[in-house]
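Given these sequences and hints, build the entire structure.
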Amino acid sequence: MSRPNPAVGAILVRDGRVVGRGWTQAGGRPHAEAVALEGLAEGEAKGAVLYVTLEPCAHESERGPACTDLVIATRPSRVVIGQLDPDPRTAGLGVKRIERAGIAVDVLGDDASRASLEGYLSRATHNRPHVTLKLAMSLDGAIALSSGESQWITGEVARNHVHAQRARHDAILVGGATWRKDRPRLDVRLPGLEARSPERFLLSRGVAPEGVRVINRPDQITEMDGVQYLYVEGGAGTASSFLAEDLVDRLHIYCAPIIVGDGLRAIGDLGLDALGDAHGRWRMGESRQLGSDRFTAYLRTRT
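Taking numbering that gives the first Met the number 0, the leading residue of the sequence shown gets 0, the next gets one more, and so forth.
Calculated directly from the structure, the hints in this document are not laboratory data. Be a bit skeptical, because a hint or two may be false.
Between beta-carbon pairs, the in silico distance windows are [said to hold, decoys possible]: (1) Trp281 - Arg184: 26 to 32 Å; (2) Glu222 - Gly26: 17 to 23 Å; (3) Leu274 - His58: 45 to 51 Å.
Source: prediction; values computed, not measured. Note that CB positions come from ideal geometry on N, CA and C, so glycine has one too.
Given below as structure tokens:
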């Protein structure tokens, strides 16, 4: 993973052919532009277009040169940027320096590049990680039987999909009740991805178990140093608390074709005063069949 740096991608295209490509490497260095421009012959970038998802950094650091300087030195004819960098050390300065060097710059501000950087952008602009809340439920909205039995609501294909999502996140969190009842491992158990298990967190007022960090309130996710993507797996009280604080950016709902009846609800009270307050908050982002289960992702609509 590229944390604490953003996960940036870059390609260099000349005469309709990709002549360089790169992405930010594990640990944050080298940056995508440095990888894409590495090894080019002198003058090879002339007349080429550099596409990069985030504005090239404009500040030097002990870990490497400013990507703006690398871009200027290789002289592409144009640079197309997905998103401006909110980091105050760059924040438009990279664009200005490249343009002053006589290289054309286009800033798209497109949805695709924004989605690829949502963890970094959330951390940079809201001082918190991008939060995905995962819920596995029956057709009638239950996450367990009234006895508390919850393994397994969904099938193996859906559970493997959850493990793939865990591997894409920096940290994973459950509530204290879920921890005490189930003692979940909260790791990635897909072959070859075990090393991508996220850092484990617990929402609780109790003492942190070994290998797990504790926060007392949802708003303390701001204190998760370096975490850009947080995966919240419940239970119902934790899900409700994150939703009530409006800290959920993406909902992952796995719906099994079963009816439980008098079971435990997926979400508790959210403090809504009127039904109208519930509308207009979410839009569908993706839906697919996973074995016998249905997976749907919803994105928080924010102004």
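Tested hints:
1. Taken as a hint, the range 26 to 32 Å holds for the pair Trp281 and Arg184, whose Cβ atoms sit roughly 30 Å apart.
2. For Glu222 and Gly26, the hinted distance range of 17 to 23 Å is satisfied, since their beta carbons lie about 22 Å from each other.
3. With their beta carbons about 49 Å apart, Leu274 and His58 fall inside the hinted range of 45 to 51 Å.
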